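Novice: Dock the two chains into a complex; use the hints.
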Amino acid sequence: MAFLEIANLQKDFGAVRVVKDFNLAVEPGEFVSFLGPSGCGKTTVLRMVAGFEEPTDGTISIGGRDVTRLRPNQRNIGMVFQAYALFPNMTVAQNIAFGLRVARTPKADSDARVAEMLALIKLPDYGDRYPYQLSGGQQQRVALARALAPRPKLLLLDEPLSALDAKVRVSLREEIRQIQRNLGITTIFVTHDQEEALSMSDRIVVMYGGRAEQVGAPFDIYNKPSTRFVASFVGTLNILRGTVTDPARGVVDVDGNAIQTGGELSRFAKGAPISLALRPEAAALDNGPAPMARGKIMDVSFLGSVIRIRVNLGQNTISFDRFNSPGSPPPAPGEPCGIAFAAKDILVLDD
Amino acid sequence: MKTNRFWSWLFLLLGVAYFVFPLIGTFEFSLKMRRGAYSFDAYRTVLTDPQFQATFGYSVTMALATIVMGVVLVVPPPFLFCTFSSLPSPPPTPPPFPSPPPFRSVIVFGYIRIYTPPSILPLTGTWWGTNLLLLFGYATLALPYMYRSVDTGLRSIDIATLTEAAQSLGAGWITIMTRVILPNVLVAVLSGAFLTFAIVIGEFTMAALLNRPAFGPYLQLIGANRAYEPAALAVIAFGITWLCMGLIQLVSRFSKLPNAGR
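Order-wise, the sequence lines are chains A and B.
For the first sequence, our numbering gives the first residue as 718, with consecutive numbering after it.
For the second sequence, our numbering gives the first residue as 10, with consecutive numbering after it.
Isolated chain B (complex conformation) (with noise of 0.2 Å):
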């Protein structure tokens, strides 16, 4: 018993020591901008750069349109399907792959080649168009995320004897779908939201090629011309993460769900 506690600690503490060493060197590095002194220049340079706030509020934009899309196009289709075929959980499909950054930019370029002007759709025409087009982009890299998430989520309930028992009662589908089928699969929802703001908030290769201003290409251009700021940014990336992290926790928590969903 003893020994196992022994290696079971050294492993745990070897692990952690693997992911905070980077993080506290990184940290430190990012308060050493003032010579001879620690301080928090870098985070005030970053953050007062009128090129952060706006990317970034672009990219958070961007991610909410995302996890909006990516909710509307994974959610219905399995609780229609069970409603409709009186099968009581979607049948194995197999789920989309997450997708390589080569998939990235051949996307980009297809979307390029076939939407640019004089095209049927020009979208890569006009502001909006090639914001779409991007979010279009962001929704086919999130969804194996969201899909898994949700799926997850689906199976943890009976939708099809939940969704009659809800007809029964004399819910219609709208009600249905938002006072019994979305509650049930929040958390599940959530952490797929969460994922699709991890992937769209530090995205490179879309935003870059479709010249958004986008949060992605920001960060490249930062590390590749300061010192001081990319591990301020890195820092406050981390902090975002554990904050979507502990909001995830705190909602599961408060939602008072059990396992026992059927």
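Next comes chain A alone, as it looks inside the complex (with noise of 0.2 Å):
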């Protein structure tokens, strides 16, 4: 029995269905992303888990109890907000202890529990500082320690990073992945941000129009979609369209390129049209006699350890990133160029 069990779950918005039939099963200890678009639903979810929207139907359990129908404050679970909603008229220390004086916990534990908050959140000396005396960063901190300090048994965070700047963000994930490691907690955390899902997560939940398109670990979601959708939102990705030209040793036509996929195509009839989906970092320069594409180089941009080419085929681009190296500078845009791949690198999308 998994610690989280979300069941046939559906919500309604007056005539919109915004959650479609979710199901998850969530383990102790496991930090799951729900990654996707705005309006997909995966705020919609978490709220529901939380007690702040009631599902039209389905269930939600937690620990193997039913808490389908229970209210917020009896959930026992800790959530984190976009927004930080610390309370402004109390300091650091008063917004850790908010749970814990809520519980009635004897005055020497919430202040021991408080100041064992403090230095996991590395404010020790921050206790007496009201939130509008802090950046955005330490608020974020503040909020994470003010909801875990009543041991909660399941962490919500609601895109706590999004109102970030780029570089506490990339800090602060690293420091949220850590405490929720070291505690052990279940953790739910709510993102569009590919780069997070994929670096924080044990698992990712992809939702798009409300349904969770596909359920995996980082590197199953990212080299692995099973939808176009998951394909296309995950990372960057190259779509290609041809028509089959052999089926039995399948083989595509793309802009007059014979590309060989990684197998057999028997499902398509020669002459269909199918879509290919080559990552970036699959592709490579290839100036050998025999490259798995020709083309014509037509942007290169300079990003400084890295550098991404963008090739026409005819119909289709491919874009790809090469390492910057000193001794070898950057093609010329108009130049003639072929591009290597692996067949086993190209994904057939099913539509």
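Keep in mind that the hints were calculated from the coordinates and are not lab data.
All values derive from a computational prediction rather than experimental measurement.
Honestly, I wouldn't trust all of these hints.
Heads up, incomplete: computed chain B residues facing chain A, CB under 8 Å, no partners named [said to hold, decoys possible]:
#	residue
1	174
2	176
3	178
4	181
5	184
6	193
Covered by chain B, per the in silico footprint, the following chain A stretches (three or more residues, Cβ under 8 Å) [stated by the list, open to error]:
#	stretch
7	811-824
8	863-871
Note that CB positions come from ideal geometry on N, CA and C, so glycine has one too.
Specialist: This is the structure in structure tokens:
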């Protein structure tokens, strides 16, 4: 039995169904991310787990106990919000102690727990400050400490990094993940940032149109996307449109190039249109005699450590990255070139 | 630059003079009760007048009751609305209008017609009932001011998210109201309370028509019959007003609340 069980969850807002038959089982101590574009229902699912929205149908159970109809303050859940939501009239220490005071924890215990939490978020001397005296990153760390102080069974993070600037975001996400690992607390993290989801999670739930499109480990989500949406949403993806020329051998024609895919394509008829996908890191320039495809350099962007090259094949373009190397200058736009990639790196998209 | 400064100062001084000279005049006159010498005789007469004490005490009590009623009427609804509708702030609603004096006569006449025995609710028949009616009337008068102040206070914080944060930490409605929402709108509630106090202390029409021993009718009575005491009363009233303003300043400074409530 999983720790958090979400079964057949539905949510309607008026006539619009924003969450459709959502199922998920989260193991104890697991860090699961809900990833998707805005409006995909990820926050709504999280809010139903927290108890702020009532499901139209389905059940949610935490630790084997059905909490579907419980009020938010009875669920023993810690939550961190995008807007920090620290109480502006209380100091940092009072904010962290809020949940403990509500639970009528004796003062000595509560003080000790607050000190422990302040040490955990590496702000031990900030207890007497007010939220407005802290930076955004510090406020969000305090919000995390406040959520963790009453020892919740489940931690919910609702886009906690979205309001922060890029550098703080990266350092804080590592910190959150480390704290989560140390405490072993089951966590659900909502984000629209794929990099956050890929770097932090044990498992990712990619959501689209109120459905869980794919649930899996970051490695699998990225390398073996099961739907076209997942493939295009997670990571950058080159989509190549072509026609099947030899279904048995798995050969596809893309702008006059005979491209060998990783397997046979017997479910396609000869001459049928097909969409292929290629990750940018799977392609490279190949100026040898027999490249996989030929085209013309469209443009070259020098990004420092990485050079991004776009090659025009005709109807299709392929974009890929190459590491910068001082010894070999980047190619010039307009030059003809060859591209190499392995057959196994080509994904055939089923629609 | 220089000319700008000059005109600014000139207008400031004119403005100050416009308000200060009548006040100085009133104060000076209030000290002249004893012929040929300045004295506080007028103040002594007023302050020792048992009727002053009784009416002032009555009006202060009514003002406090009105403030409580105003807070109860105005603070919880937008908070509950935000919580149950999951909107971050209440939608803009037309605020209740400040009521001009004729309206006060109309509302009191309405009260008297509806609540005088033999009515189902014969409120004017009893001492308590009449006080209650006056309280309702005052609450109606003060509502626009209380509403405006509290509305501003509530809009400066994200009620919905703060409420959810408190709920996820296990807090119930009463805790959220008393520990999270009210402290954050305290200054706003106080400024509303101050306005309410000022309105109720000086109110004449309703108290007079309901025949209540309030401070407004007492002021009127003294003003019509005495020479020096009204001036002393006016100065006292100013003193109370300034005290209230000072208190509000003090509270807002000690509450340490920045504008960044969000």
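Novice: Look at each hint and say if it fits the structure.
Specialist: Status of each hint after checking the structure:
| no. | hint | result |
| --- | --- | --- |
| 1 | 174 | holds, 4 Å |
| 2 | 176 | holds, 4 Å |
| 3 | 178 | holds, 4 Å |
| 4 | 181 | holds, 6 Å |
| 5 | 184 | holds, 6 Å |
| 6 | 193 | holds, 5 Å |
| 7 | 811-824 | holds (count 4) |
| 8 | 863-871 | holds (count 3) |
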